[in-house]
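Listed here are the chains, written in short residue letters.
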Amino acid sequence: MHIDARTLSNESVIEGDICIVGAGAAGISMALDWVNTPYKVILLEGGGFAYDEKVQDLYAGKTTGQKYYPLKSARLHYFGGTTGHWAGFCAPFDEIDFVKRDWVEHSGWPIQRKDLDPYYERAHPLIELGPYQYDFKYWQKQDPSLKSLVPDDSVVWNKMWQFSPPTRFGEKYKNTIVNAKNIHLYTYANVTDILTTENVSAVTSVTIKNYAGKKHAVKAKHFVLACCSVQNARLLLAANSQASKGLGNDHDIVGRYFMEHLEVKSAHLWLRNADPLKLYGFDFGIVKSRAELAITASKQTEERILNGTASLMPMAMAKKLKPMIEMWSKEDPRENSDYVSKEFEKTFSDPAENSDNHKAYELFTRIEQAPNPASRVTLDSERDSLGVPRAHLHWELTNLDKRSIRKIYELIGQEVGKAGVGRVQMLEYLHDEDDLSWPSFIGGGWHHMGTTRMSDDPKKGVVDVNCQVHTIDNLHIAGASCFTTSAAPNPTLTLIALTLRLSDHLKQRLKSNH
Amino acid sequence: MKRRVFISLSTVGVALLGVPWITGCNQNNDLHEALSQPGILGHLCDEKGILEIGKKYIKQVPEEASLDQLIQLLLTTDGTTLPRSSERTAIQSLLDKKIEEDFQANRTRVVNGWVLSVTEARQCAVYSLIQ
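Chain order of the listed sequences is B and V. Heads up: the first sequence runs through residues 1244 to 1757, numbered per my numbering. Heads up: the second sequence runs through residues 4 to 134, numbered per my numbering.
Bound-form chain V, shown alone:
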């Protein structure tokens, strides 16, 4: 239930706020939405929680406060960057893999008390920036 609420709110949020910073491009909306849905965390944490994590992450890592940079980091793995125009399923698959690899490599961070993979923390940051 929480996830459903979160997804619908996030979609509305993107739709309402998308225009000023997206140069008329629906593709970006899809991209942002795909990037801002932190898989398992989205099941466990409500929208407010995701937003708080995102804001706290940016406070902790101010050098990643740019949406463009976060997108680049999220889409890049092993020196290869997935095109921004990729299918949503491809993006989600990449993010799932990155999250798994983060945990295996202990690339984790405690944000607002949550022990998260860096990737999912960045996803929350994306979500907070598109609000």
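One chain only, chain B, in its complex shape:
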């Protein structure tokens, strides 16, 4: 069922069992999981079914610290959310990503990889992935021509990825959601405040507003914030009428530990003999799976480094591509998207450089960012047009991030040398191991994570093991903001898995209340 909140009488009160705030990958995944259940689900989306400049502007904010993309263009604010322009890269986190690593301060989830495995599997069909198989040998069996660059996998291994078409949730699931009798989708329903009981132990309602000048209240037994990491933190911090520091923020954690994936050109691989390296190739929309070079958990432990991977692209193509941080510089996400698409098209459409065999490849890093409390989202003094303080992102990296990137290429270089297939040369910014500065072309993957991190300890995290905000019994968070650490893979698959786990938990709670 769909209702445009602009058409409701002012000061309407909407009631349901579950209220999901945000209709992106997390919010829609959760809503789909509740279709045809006996529960009334309220799904709130700030925008409509298409891009709306006035709504998108609500995401504008300030950035400081490490250069970052304009906040307004880093997310999409309409039904389907940022799946409207995601690329579809998916891989599960590794076991080591969940454990406490003594060399990574603030690491360690209260859950393990095995706790997410069943949910990863359930997430796969939602984003139209293949079988829940990420073992290189499985994929090699499907295509025996896939060959590993390095035969010994004790240091460097082939981390497999799968590619979603990519699934555009807005297009793919609109009809299912709108036609579901128990799902009540409200568009143009921007949450601007969260109200609680007097002792701030439970949420009583959320306030929604829109450009029609109308204000409504939504009441439910349980509330789930699924608005992405920046907006989840912003909402909690801005809901400060009853808790002066914001909801769930008794220990000043909300908004802290903002993490991205550092994505940056890092090295060149020179091969003795030209090789298509098919295992590592990616042909958009055609290749279903490929590998990136990753470092084994035991070697990460030995070297005390972060988890990261290197993807390969023929140098002839890679050298033509500008860094994303330069290409994605406009406030309007549509302009950025068009520009990047054209640049990619130009790069990949040159038949002279699209031959199968190459002797030189660029190695591109995708690495977790060490959890850093100083890397954070706070409220700006400026307010958006609905009266909510804008977000201020201060993105800050650590020395461990830089040291880890360099070490990863040293290890890959050693293994490539050991295999006798070629040599690796790091880019200049990695030459000096004592140089802790960052090059101007380093960017992120538009992956916002960690602002409401999960921890058993309320002093160290915002949500508990079940993604419930500590001390607020019926307020839950869905999405990558719950990540304690960010791992190397893009977050969509994991955030959906985590959301489905939360969904099961809420069903259990509602069932036990009956």
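Since the hints were derived computationally from the structure, they do not count as laboratory data. We put the beta carbon where it would ideally sit given N, CA and C, even for glycine.
With a straight-line cut-off of 27 Å between C-alpha atoms, the simulated DSSO-like cross-links for lysine-lysine are:
(1) V:Lys-100 / B:Lys-1390
(2) B:Lys-1424 / B:Lys-1750
(3) V:Lys-51 / B:Lys-1602
(4) V:Lys-58 / B:Lys-1508
Simulated restraints on C-beta separations:
(5) B:Gly-1308 / V:Leu-85: 50 to 58 Å
(6) B:Ser-1541 / V:Leu-85: 36 to 44 Å
(7) V:Pro-65 / B:Ser-1397: 30 to 38 Å
(8) B:Ser-1592 / V:Asp-99: 40 to 48 Å
(9) V:Pro-65 / B:Asp-1581: 49 to 57 Å
(10) V:Pro-86 / B:Asn-1642: 45 to 53 Å
(11) B:Asp-1675 / V:Asp-99: 24 to 32 Å
(12) V:Asp-99 / B:Lys-1343: 39 to 47 Å
(13) B:Ser-1397 / V:Asp-99: 17 to 25 Å
(14) B:Asp-1593 / V:Thr-80: 42 to 50 Å
(15) B:Asp-1360 / V:Thr-84: 53 to 61 Å
(16) B:Lys-1343 / V:Thr-84: 44 to 52 Å
(17) B:Phe-1525 / V:Leu-85: 45 to 53 Å
Following the hints, complete the assembly by docking chain V onto the known chain B.
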């Protein structure tokens, strides 16, 4: 192509610069040339690159700044030193083996961004010293 250019330049370099530091001995020219051709790296890196690696290596490891010492290190394996008068093929075979063993034993070094076996880094250093 790059390797060919590199080899020809290195030969010219040795021929032109050989006299002052080689005591009239052609055998040394052959030896230096054999030692300063880093096998696979010579295929992947041009002469300028080899030269830079060599200079950077000496800067990183100043205790190996002597040509004589580098030659000794390159010709020695498992406590045995190959005579300096050995055939070029024997020297190259030894160096190939040493490079392989270096990588197996993680005796590597990052020089000018290249992840190299210590042996090939030393070969580059030899090349930079004979220029």
